Amino acid sequence: MASPIKRTKRGVPEGLWLRCPGCQNAIFRKEAEKRLSVCPECGYHFYVSARERIEQVLDTGTFEEWDGGLRPTDPLEFQDKKRYDERLKLEQERTGLLDAAITGCGMIRARRVAFGVTDSAFLMGSMGSVVGERLTRLVERATEQRLPLIVVSGSGGGARMHEGILSLMQMAKISAALARYDREGGLFISVLTNPTMGGVAASFASLGDLVFAEPQALIGFAGPRTIKATIRIELPKGFQTSEFLLEHGFVDRIVPRDKLKSEIARTIDYCGK
Amino acid sequence: MDTPAPGLDFEQPIYEIESRIRAQQQSGDRRGEDELRRLRRELAETTRRVYDNLNPWQVVQVARHKDRPHTADYLAMAFEEFVELHGDRHFGDDRAILTGFAKLDQHKVMVVGHQKGRTYKERSACYFGCAHPEGYRKAMGKMRMAAKYGLPVICFIDTPGAYPGIGAEERGQAWVIAENMYEMSRLETPVICVVIGEGGSGGALGIGVGDRVAVLEHAYYSVISPEGCAGILWKSHEYAPRAAEALRFTSRDLLRLGVVDDVIPEPLGGAHRDPHQMAGRLKIYLVRALRELIDRPLPDLVASRYEKFRRMGVFLEG
Numbered sequence: 001m002a003s004p005i006k007r008t009k010r011g012v013p014e015g016l017w018l019r020c021p022g023c024q025n026a027i028f029r030k031e032a033e034k035r036l037s038v039c040p041e042c043g044y045h046f047y048v049s050a051r052e053r054i055e056q057v058l059d060t061g062t063f064e065e066w067d068g069g070l071r072p073t074d075p076l077e078f079q080d081k082k083r084y085d086e087r088l089k090l091e092q093e094r095t096g097l098l099d100a101a102i103t104g105c106g107m108i109r110a111r112r113v114a115f116g117v118t119d120s121a122f123l124m125g126s127m128g129s130v131v132g133e134r135l136t137r138l139v140e141r142a143t144e145q146r147l148p149l150i151v152v153s154g155s156g157g158g159a160r161m162h163e164g165i166l167s168l169m170q171m172a173k174i175s176a177a178l179a180r181y182d183r184e185g186g187l188f189i190s191v192l193t194n195p196t197m198g199g200v201a202a203s204f205a206s207l208g209d210l211v212f213a214e215p216q217a218l219i220g221f222a223g224p225r226t227i228k229a230t231i232r233i234e235l236p237k238g239f240q241t242s243e244f245l246l247e248h249g250f251v252d253r254i255v256p257r258d259k260l261k262s263e264i265a266r267t268i269d270y271c272g273k
Numbered sequence: 001m002d003t004p005a006p007g008l009d010f011e012q013p014i015y016e017i018e019s020r021i022r023a024q025q026q027s028g029d030r031r032g033e034d035e036l037r038r039l040r041r042e043l044a045e046t047t048r049r050v051y052d053n054l055n056p057w058q059v060v061q062v063a064r065h066k067d068r069p070h071t072a073d074y075l076a077m078a079f080e081e082f083v084e085l086h087g088d089r090h091f092g093d094d095r096a097i098l099t100g101f102a103k104l105d106q107h108k109v110m111v112v113g114h115q116k117g118r119t120y121k122e123r124s125a126c127y128f129g130c131a132h133p134e135g136y137r138k139a140m141g142k143m144r145m146a147a148k149y150g151l152p153v154i155c156f157i158d159t160p161g162a163y164p165g166i167g168a169e170e171r172g173q174a175w176v177i178a179e180n181m182y183e184m185s186r187l188e189t190p191v192i193c194v195v196i197g198e199g200g201s202g203g204a205l206g207i208g209v210g211d212r213v214a215v216l217e218h219a220y221y222s223v224i225s226p227e228g229c230a231g232i233l234w235k236s237h238e239y240a241p242r243a244a245e246a247l248r249f250t251s252r253d254l255l256r257l258g259v260v261d262d263v264i265p266e267p268l269g270g271a272h273r274d275p276h277q278m279a280g281r282l283k284i285y286l287v288r289a290l291r292e293l294i295d296r297p298l299p300d301l302v303a304s305r306y307e308k309f310r311r312m313g314v315f316l317e318g
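Quick note, the sequences are listed as chains A and B, same order.
If you count the first sequence from 1, position 229 lands on 229 in the numbering used here, and the numbers rise without skipping.
If you count the second sequence from 1, position 262 lands on 262 in the numbering used here, and the numbers rise without skipping.
One or more hints might be untrue.
As the list claims (entries may be wrong) - Simulated pairs of lysine-lysine, BS3-like, Cα-Cα distance not exceeding 25 Å:
| # | chain 1 | residue 1 | chain 2 | residue 2 |
| --- | --- | --- | --- | --- |
| 1 | B | LYS148 | A | LYS228 |
| 2 | A | LYS237 | A | LYS30 |
| 3 | B | LYS283 | B | LYS66 |
| 4 | B | LYS283 | B | LYS108 |
| 5 | A | LYS34 | A | LYS228 |
| 6 | B | LYS103 | B | LYS121 |
| 7 | B | LYS283 | B | LYS121 |
| 8 | A | LYS81 | B | LYS235 |
| 9 | B | LYS235 | A | LYS228 |
| 10 | A | LYS89 | B | LYS308 |
| 11 | A | LYS261 | A | LYS30 |
| 12 | B | LYS283 | B | LYS235 |
| 13 | B | LYS66 | B | LYS108 |
| 14 | B | LYS308 | A | LYS82 |
| 15 | B | LYS103 | B | LYS283 |
Said to hold, decoys possible - Partial chain A-side listing against chain B, Cβ under 8 Å, derived:
| # | residue |
| --- | --- |
| 16 | ASN25 |
| 17 | ARG29 |
| 18 | GLY132 |
| 19 | LEU168 |
| 20 | SER175 |
Because the hints were derived from the structure by calculation, they are not lab data.
Given the structure is predicted, the values throughout are model-derived calculations rather than measurements.
Glycine is no exception: its CB is placed at the ideal position from the N, C-alpha and C atoms.
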């Protein structure tokens with residue numbers, strides 16, 4: 001549907017008002033932001049950046065970043081219409097991030113946790129070597145320090161094409177680290193947000209002891225366009241949403257954004273960590 | 001009658017000499033022996049020239065060649081016995097992944113491999129080598145059993161990718177691939193993985209975490225298919241050859257990037273020209289790797305498997 005409001009390519013539209021993709025109403029931006037970027041009319045969950053997510057989930061001022069010095073490089077000298085190293089610079093300037101994930105530790109209602117979050121605005125939140133390394137180190141530190149581990153995923157990109165096979169291998173690397181964490185009795189809560197696809201969905205995001213999802217998030221392995229091109233039939237309504245995955249048994253709970261913090265705290269208490 | 005025009009356009013110079021050789025043989029000209037020898041030499045030189053200079057997109061064509069040996073072919077040629085085991089105990093028996101006991105030079109092993117099929121009927125029955133979640137579950141179930149009974153696992157990777165479909169998503173495609181990597185990373189038995197044709201993304205990696213990861217010379221292993229990459233980054237599948245260049249997925253690149261341990265050389269002109277020789281080389285590789293791995297204490301083995309994948313990736317720090 002044509003929208004009168006100018007939209008940036010990704011993320012929340014600029015301006016005082018924004019059009020909700022859920023109910024098509026014009027929403028006063030401040031009103032949505034007050035509700036953690038959730039539409040006050042229909043409950044649609046807008047994009048939130050990694051930094052905002054940290055603010056929302058962790059106790060104020062408790063986050064301490066780990067491995068913030070890791071920076072991406074261009075091991076393949078990859079070039080499509082643009083060179084990857086140039087693309088990286090642009091994404092870094094645009095988002096203020098060095099790469100698509102932030103990791104560290106902090107408190108959730110006074111419970112110390114290892115916390116990671118991907119930002120779907122940085123190259124679609126795709127996973128290259130830096131995202132893989134940061135998350136692997138996060139898991140390894142959580143193992144050493146016996147911390148509960150929370151990772152909030154938002155990635156439409158999956159494994160990052162621009163770093164080729166090295167991106168794919170990050171899936172194995174993180175999964176292996178999570179297997180060790182599991183063996184040591186660690187508690188991993190994976191939170192899926194819109195969108196979580198491809199190689200991110202097919203690695204750490206689905207390996208949680210518990211898997212939470214925000215309402216109506218798009219979650220899956222293959223992208224809907226790829227599936228449509230392969231099977232050449234219309235996809236059912238609600239396909240690959242959080243609700244669809246809950247129904248098919250892959251998500252433990254659908255958790256609205258304003259309940260996320262308390263749900264995580266409660267789960268940590270149940271699991272005795 | 002000449003054979004009908006074969007598939008790959010860059011192989012045309014090879015076919016031309018082959019047809020000249022056939023013509024010479026049929027002519028029955030006794031003075032033609034020298035000519036025949038000369039032609040055979042030319043054939044070898046031309047084949048070498050073509051195959052030494054394959055570009056990445058041509059490598060993809062070779063890896064997908066209709067006559068390229070598949071898992072079932074290697075099972076028949078390189079192994080003494082194969083006892084197929086079916087089913088994932090949850091949903092079905094995915095024909096895109098073959099699993100079963102096998103004997104290799106008197107070593108008892110578990111083989112897990114993608115299967116593409118040869119005839120149209122076979123190919124559609126196994127979705128052209130694209131596995132569903134039940135395929136990955138079957139693979140993991142058999143690998144777990146192998147570990148229980150001390151059998152090493154050999155995985156043959158040959159898939160365009162995990163199947164993109166409604167049922168596959170409903171049954172947790174992302175979940176099973178993740179679980180397989182997770183479990184394979186700590187499986188207490190030697191695991192050897194060989195990319196024999198196409199190493200298509202997560203669908204490949206879902207049976208690709210091992211103590212040794214090797215690739216056949218003209219196989220490829222990629223984060224995404226060149227067509228898929230071209231469609232996303234160039235907005236058109238026609239740019240697949242460009243994407244193939246950019247993705248650095250040939251055996252030489254994989255070795256340089258530290259993603260595979262070994263490249264197994266193919267016979268002159270590719271595995272499809274001499275499947276038996278290829279099977280022989282594969283067997284030699286597998287037997288050697290097995291001998292290196294089977295006597296290692298399991299905790300060491302699993303720890304070095306972890307370290308092997310732990311090192312992967314390139315980034316800057318500080």
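So, going through the hints one by one against the coordinates:
Using a Cα cut-off of 25 Å, the hinted pair B/LYS148 and A/LYS228 is violated, with the two alpha carbons roughly 41 Å apart. The straight-line distance between the Cα atoms of A/LYS237 and A/LYS30 is roughly 31 Å, outside the 25 Å bound, and the hint therefore fails. At roughly 22 Å between alpha-carbon atoms, B/LYS283 and B/LYS66 fall within 25 Å of each other, so this suggested pair holds. The hinted pair formed by B/LYS283 and B/LYS108 meets the criterion: a straight-line CA distance of about 14 Å does not exceed 25 Å.
Taken as a hint, the A/LYS34 and A/LYS228 pair is broken in the structure, with Cα atoms around 38 Å apart against an allowance of 25 Å. Distance restraint check for B/LYS103 and B/LYS121: the Cα-Cα separation of roughly 28 Å exceeds the 25 Å cut-off, and the hinted pair is therefore not satisfied. A hinted pair counts as satisfied when its Cα atoms are at most 25 Å apart, and B/LYS283 with B/LYS121 does not qualify at roughly 29 Å. Distance check on the hinted pair: A/LYS81 and B/LYS235 sit about 10 Å apart at the alpha-carbon level, within 25 Å; holds.
Only pairs whose Cα atoms come within 25 Å are accepted, and B/LYS235 paired with A/LYS228 is accepted, the gap being roughly 17 Å. With a CA separation close to 30 Å, the supplied pair A/LYS89 and B/LYS308 exceeds the 25 Å bound. Between the alpha carbons of A/LYS261 and A/LYS30 the distance comes to roughly 21 Å, so the proposed pair stays at or under 25 Å and holds. Between B/LYS283 and B/LYS235 the alpha-carbon distance is near 42 Å, which puts this suggested pair outside the 25 Å criterion.
This hinted pair does not check out: B/LYS66 and B/LYS108 have alpha carbons roughly 30 Å apart, beyond 25 Å. At roughly 32 Å between alpha-carbon atoms, B/LYS308 and A/LYS82 are farther apart than 25 Å, so this suggested pair is violated. Taken as a hint, the B/LYS103 and B/LYS283 pair is honoured in the structure, with Cα atoms around 11 Å apart against an allowance of 25 Å. At its closest, the beta carbon of A/ASN25 sits 31 Å from a beta carbon of chain B; the interface hint therefore is violated under the 8 Å criterion.
The beta carbon of A/ARG29 comes no nearer than 31 Å to any beta carbon in chain B, farther than 8 Å, and the hint placing it at the interface is violated. The beta carbon of A/GLY132 is positioned within 8 Å of a beta carbon in chain B (closest approach about 5 Å), and the interface hint is therefore held. With a cut of 8 Å, the hint placing A/LEU168 at the interface with chain B holds, because the nearest CB-to-CB distance is about 4 Å. With a cut of 8 Å, the hint placing A/SER175 at the interface with chain B holds, because the nearest CB-to-CB distance is about 4 Å.
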